[in-house]
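Read top to bottom, the protein sequences are chains G and F.
Using the working numbering, the letters of the first sequence map in sequence onto residues 1 to 115.
Using the working numbering, the letters of the second sequence map in sequence onto residues 1001 to 1118.
Watch out, some of these pointers could steer you wrong.
[To be verified] Once the Cα atoms are required to be at most 25 Å apart in a straight line, the calculated PhoX-like pairs of lysine-lysine come out as:
1) F:1005 / G:57
2) F:1054 / F:1005
3) G:9 / F:1037
4) F:1037 / F:1068
5) F:1005 / F:1071
6) F:1068 / F:1054
Derived from the structure by calculation, the hints contain no laboratory data.
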Amino acid sequence: DSGVTQTPKHLITATGQRVTLRCSPRSGDLSVYWYQQSLDQGLQFLIQYYNGEERAKGNILERFSAQQFPDLHSELNLSSLELGDSALYFCASSVGPGGKGYGYTFGSGTRLTVV
Amino acid sequence: DQQVKQNSPSLSVQEGRISILNCDYTNSMFDYFLWYKKYPAEGPTFLISISSIKDKNEDGRFTVFLNKSAKHLSLHIVPSQPGDSAVYFCAASANLLPGGTSYGKLTFGQGTILTVHP
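Chain G with its partners taken away, still in its complex shape (with noise of 0.2 Å):
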């Protein structure tokens, strides 16, 4: 157990769908990163909050938002999916704003199917 907490593990859904991603991160840390890992590719960097601010963004789609509540836990909101949008979603966090991935502790993944 990493101490990072992602819920839930495995979602099926159906195009045009709406679904949420939960995150409760490390106790003691205040950023929060999502990243989208798909078929054959790399993790890709998709947004970070830190304290409940977005603090980084990479490619993530306007379908997708994401955000992070008082009691530091993200949520990562996807909508109007389509095929291509399945993937392994992983949630990771880390004590400071930056920290270069060192700190990072990655959960283990929500899988979300659009069928």
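Let chain G serve as the given structure and place chain F on it in line with the hints.
This is chain F only, laid out in the frame that chain G set:
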């Protein structure tokens, strides 16, 4: 635009021998490099890192080498063990000031599946 590339999708080695995983990058702004290891049904876990001011970093059986002029890094595992069988991701971080649009972001390669045979 794949800024971090792992050109070998898979690698198979015998237990006790050396495993060498390679990674190339194109962005000269990268100043910190990391290797992550991933088992099935788990998230990636940090393995070892190296700053761009160094050319080698060692931690037990794991050594990372950085060749900045060639924009190439490699991970050496000696001796390899069956428990090392996993997917290995190379990642890089850019030297940007806090508040920049990419601060805190890691750019990952596609991963290399390492299989160590007993």
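The hints, checked one at a time:
no.: 1; hint: F:1005 / G:57; in the structure: holds, 21 Å
no.: 2; hint: F:1054 / F:1005; in the structure: holds, 21 Å
no.: 3; hint: G:9 / F:1037; in the structure: holds, 20 Å
no.: 4; hint: F:1037 / F:1068; in the structure: holds, 23 Å
no.: 5; hint: F:1005 / F:1071; in the structure: holds, 11 Å
no.: 6; hint: F:1068 / F:1054; in the structure: holds, 9 Å
Every hint from the earlier list agrees with this structure, and none is contradicted.
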